[in-house]
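These are the residues of each chain, in order.
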Amino acid sequence: MKVPYNWLKEYVDIKLSIEEIAEKLTMAGLEVADIQTSADGAVLDIEVTANRGDCLSIIGIAREIGALTSKHVKYPQLLKKCSSNKEIEKLIDVSIKNASLCPRYAGRIICNVKIEPSPLWLTKRLEAIGIRSINNIVDITNYVLMETGQPLHAFDYNKISSKKIIIREAKQSVSIFALDESKRQLSQDMLVIADEKGPVAIAGIMGGIGSEIDEQTADIFLESACFHAACIRKTAKTLGLSSESSYRFERGVDPNGVVSALNRAAYLIEKIAHGKSAKGIVDIYPKKFNRQNIQLRIQQIKRILGIDISQNKLKRIMLNLGFEIKQDSLNNIKVLVPTYRQDIRREIDLIEEIARIYGYNNIDTTMPRGQTSSCGKREVEKQTDALKNILCSCGMAEIYTSSFTNSENLDKTGLSSDGVKITNPLGDDQNIMRTSLIPEMLSVIKRNLNRSFSEIKLYELGQVFFENNSSYHEKTYLCCGIAGNVSFFDIKGILETTLCKLGIEDHCIYYKEHKVFTQDCSASIDIQGRRVGIIGEISSNVLEKYSIDEKVFLLEIGFSDLSKHINLSPVFKPVPKYPASERDIAFTINENVSNADIMSVMWKAGGEIVEDIKLFDIYRGKQVLSAHKSMAYSICYRSNKRTLYDEEVNQAHSRIERQLASQLNVTLRK
Amino acid sequence: MKAKIKEIEEKFNSEIKSISLPEHLEGIRIKYLGRKGVVTSLLKQVSTLSNEEKPVFGRLLNNLKNNISARISEALASIKSAKRTEAKLDITLPGNKPAIGNKHPLTLITQEIKEIFFGLGFETVTGPEIETEYYNFEALNTPEDHPARDEHDSFYITDKILLRTHTSPVQIRTMEKRKPPVRVIAPGRCFRRDATDATHSPIFHQVEGLAVDTNITFGDLKGVLEVFAKQLFGRQTRIRFRPDFFPFTEPSAEYAFSCVNCKGKGCRICKNTGWLEIGGAGMVDPEVFKMVHYDAEKYSGFAFGMGIERIAMIKYHIHDIRMFFENDLRFLRQF
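So the protein sequences, as listed, match chains H and S. Residue numbering for the first sequence follows the working numbering, starting at 1 and increasing by one per position. Residue numbering for the second sequence follows the working numbering, starting at 1 and increasing by one per position.
Simulated from the structure, these hints should not be mistaken for laboratory data. Source: prediction; values computed, not measured. A hint or two may mislead.
[What the hints assert, rightly or not] Calculated cross-link-like contacts (lysine-lysine; reagent style PhoX-like; alpha-carbon spacing at most 25 Å):
1. H:Lys237 / H:Lys421
2. H:Lys237 / S:Lys177
3. S:Lys177 / H:Lys377
4. S:Lys160 / H:Lys564
[Stated by the list, open to error] Now the stretches of chain H that chain S is said to cover, found in silico as 3 or more residues with beta-carbon under 8 Å:
5. 387 to 397
6. 464 to 476
Beta carbons are placed, not taken as given, at the ideal position from N, Cα and C, and that holds for glycine.
Build out the structure end to end from the sequences listed, making use of the hints.
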């Protein structure tokens, strides 16, 4: 809220500099975001929190300064004597249909006003606060709104049909032309100010054009009312229409300030617009709001804030805030809170006020005592940290991508566009919660290829989202993508190293077709017989859609599935005591036989003295039959009980040779 | 005998000059000083000489032996040093750097934040990113008609289900599940329907903290955040609290750290205020305790929140929040 400094000073004596006042307000929770200059002098730009509706006015800020500097507030002059002989009861008939939505409605009729441009001081003040001058009557209602925080509205009295004002819900669906010149469709539960013909204003939000003040206006009906906060908020939200009035009603307007604001405006209208107030006021106020009576237990201040505060200091704070101390004893005080402070309803609210005025920064800094519930880092966090450390060691850079995607993106990678949909996305390209990390991974790879990186290795660990019969599920996925100067065996190696370092031994990578991958290079990843993810080379089809020219290899794994199998506490195995015997084996074999098939035969045939088998060469060329390959393995034999005899190693080795020949039809190379 | 000695000496002198390889030097050593070497066999003959000749030739031969030995060592040293000047290693050539990867700056900062709170006896808890209105707002004392919702423009999935706008719902989920004492932090991704600019992103990350026990005070909240500030940004960091409003805390505070860049003197980063606003905090509102069936007369607690991007931006001098989500390798590789 903008607060012109000169205007503010009319209501409270300020001895401090504007910077000191700004600092005091800021430290009391009314943040002065900026001190600006205007034609009317300095203007404080104050950010008022949602609970402090009472500070949305110049007087409200003056009260706060009063509390902070122990000064009284000087309230402005009100209308005391009506200058017209007419009696309001005879001029208008006001009724409230639903008092819970309109706790108080007051009004005055002011006759023979002269509609003119406002005097210069008034337009300057309104400009300083950010309001455009319209005419003297409208300007005065705005001025008093800003001065007191009480929204006011002036109707052209002669445009009110049958001189009846009814505050009611809109009943059936009707429309109204609001003062912003837009046609607004009202729904049943919206509160309106109506005359006999229909709505003349949207209560608490905006007047209608039909009863607008214009150059011909002579008599006005001036409204000052209090409407239900939630009702106004709902209507304003539904209509997408908010105003200075609705902003204040939403944050709570003091029902007991309604009449003084009305009389303040009437005073100014008589003075500036030469109007003559009819005798009396309309004031429908079925249920009077009384000041809250709150009990404050002294020891609660210590319990919540951790400070000892003297009874005297406590009382001074209360009195400066305009609170009345009704009763006090050593342990308790009873406080009456003025009705403009609608945020203070409970003991804890009083404690906050004490802390606020005492100064948060004057409260001593301590550390919590007592037992702790913590058991440190959780298992899944240790796993996540370990995973990220391993991937980092593998040369992978971590990325964070958007949780939003769209059907086109999902479609590009052959994924179904069934996902959790956002009803109000920022754009149609961000309307689905991601179901896979692959689409964004490819986009990021593309962007980095554009920056001419020759080798790209990325990973992301992030949430994906699924819907199942209107219930929502979140899973953590891991996606690794590499591109540039790399092969399938690089991504596979990263996977194998990662699984090994996470203590996952029983895994299997086997050929399986997946839409996103090429036909040849596409596999599933199983752990203990359950599929946890996929790995392969992105198909040219998909790459084309991303305009990627390089080969891209990628894997995606459900981290939650992986997590169950992770073992971060390796169990030490004694280093071998007895020497190993190494034998090489080389053969030619049909191209169709996979390394996995060969390994499986060798492990089985070799028996338990086989410790390790390593592939060390594959050769295809002139010396090898077509459609065949030459493969060479090194087999390590060892026992953990004794040194092996040459003979038993030879036996095992020839078993392997024989089985390879008989089962896989290899031709041994000697 | 004398002539023989002279002859050997001259021969050795001429031979050693032509030698450039260490293994040839060894050959020479064997030839002269080896077990069957020329000098060694002459020395053996000394015993056959007369008593007068013995000491004379003994000395001459020993001198010769020592001379030859010294010359060989000398030659060896000079060959070695010659070799060194030939292929001197240029140690200023670049090292062979192993290609390690990078953690995302948001991961790094989250880990750092977590470590500090682990040390203060907190543990981490998590909750879903797709939340119900109940946990995101209502249980946090923010009913539908509350103006505080204005700051939480939300993405909705259905009428009652939305993407969480803060990690505070995890507070509620935690308190529903366990009894005090509670000391937890909840890091995670949040969503608000904000337009993107240098300091706003519809997707961002927060850490929420919560401590509930029989004797937790506002002073404790200040203490915990002060220790956090000093650990994260250095011992000289100061912390400032001022009143703010959140429906789920009372009293509520906004807290700031003294500017890390200018140490509080005022600079461009802190907009000349000397302070960097970090987040919101306060004492858990009794209404919130009511929602989770904690006795507000018995327990008190504090809660605080902070933006992870904000902390990372301060820590790493990053000026645009969008950098975190662009995933430019030129950016990522700096961490």
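Outcome of the hint check:
1. A distance of roughly 23 Å separates the Cα atoms of lysine 237 (chain H) and lysine 421 (chain H); the hinted pair therefore holds under the 25 Å criterion.
2. Under the criterion of a C-alpha separation no larger than 25 Å, the hint pairing lysine 237 (chain H) with lysine 177 (chain S) is inconsistent with the structure, at around 35 Å.
3. Between lysine 177 (chain S) and lysine 377 (chain H) the alpha-carbon distance is near 18 Å, which keeps this suggested pair within the 25 Å criterion.
4. Proximity of lysine 160 (chain S) to lysine 564 (chain H) is assessed by CA-CA distance (about 33 Å); at most 25 Å being required, the pair is judged violated.
5. As drawn, the stretch 387 to 397 of chain H meets chain S at 8 residues by the rule of a beta-carbon pair under 8 Å; at three or more, the given contact holds.
6. Counting residues of the stretch 464 to 476 of chain H whose beta carbon lies closer than 8 Å to any beta carbon of chain S gives 4, which meets the minimum of three for the stated coverage.
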